Amino acid sequence: ALYAEKDKTKIQNVYNSKIKNKPGNFELSLLTEENIDKVKDEIVKARELYPTKVKRLVLGVSQRNVISFTTTVRIKRINIELKITQKEIEEFVSKIVNNSRQEILSEVNTNLELLNSDIIFTKVDGYITKEPSGMKGTTLEISIFVNFINSDYLEDLISFANKIGLDLVTIA
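Residue numbers (the working numbering): 1 to 172.
Because the hints were derived from the structure by calculation, they are not lab data.
Bear in mind that the values here come from a model prediction, so they are computed numbers and not experimental data.
We put the CB at the ideal spot given by N, CA and C, even for glycine.
Please note: incorrect hints may appear among the correct ones.
Claimed, not checked - In silico EDC-like pairs for lysine to aspartate or glutamate, Cα to Cα no more than 20 Å straight-line:
1) K95 with D41
2) K130 with E141
3) K95 with D118
4) K123 with E91
5) K130 with E90
6) K40 with D156
7) K38 with D125
8) K87 with E131
9) K163 with E34
10) K76 with E141
11) K136 with E91
12) K163 with D37
13) K130 with E113
14) K87 with E141
15) K55 with D167
Stated by the list, open to error - Here are the simulated distance ranges between beta carbons:
16) E155 with R64: 16 to 26 Å
17) S62 with Y127: 29 to 39 Å
18) D37 with V108: 51 to 61 Å
Work out the full structure, taking the sequences as your base and the hints as a guide.
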């Protein structure tokens, strides 16, 4: 996806295109002249459709090039009189992500980077809540979705964006 600045605080999606990849376990190198030329051609088309200078790029990754994992973990809190803090939640989520990475690494022989993660839901003592910070409870439960990507493949994506000459906003 290509983005153009509308003003200092807003950007607008102005063009979407795909580069067809062959299936593979992170083996595809995106840094082919053909792919770079294709994206540069797409930038020209985007600039024709939208006169604002196109500056930003979002790269989407096919599901076959990421390892996704959803897990739900429930813990008993040690001191139930203390309110749940944001730091406690962040540490809990970090442990879940690291444990997920270790579980995947036990099955896959590759270096992995976290591409993105998102909390699906949180519960305190069985009750779903959007914001557990400040609540008290004996049990904290968090369900989290994580996407991991091969480190070398991630580097290829970043190099690809650099060769095109646009600011990489995110990889999704």
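Which earlier hints can't be squared with this structure? When the structure is compared with the hints, numbers 1, 7, 13, 18 turn out to be violated.
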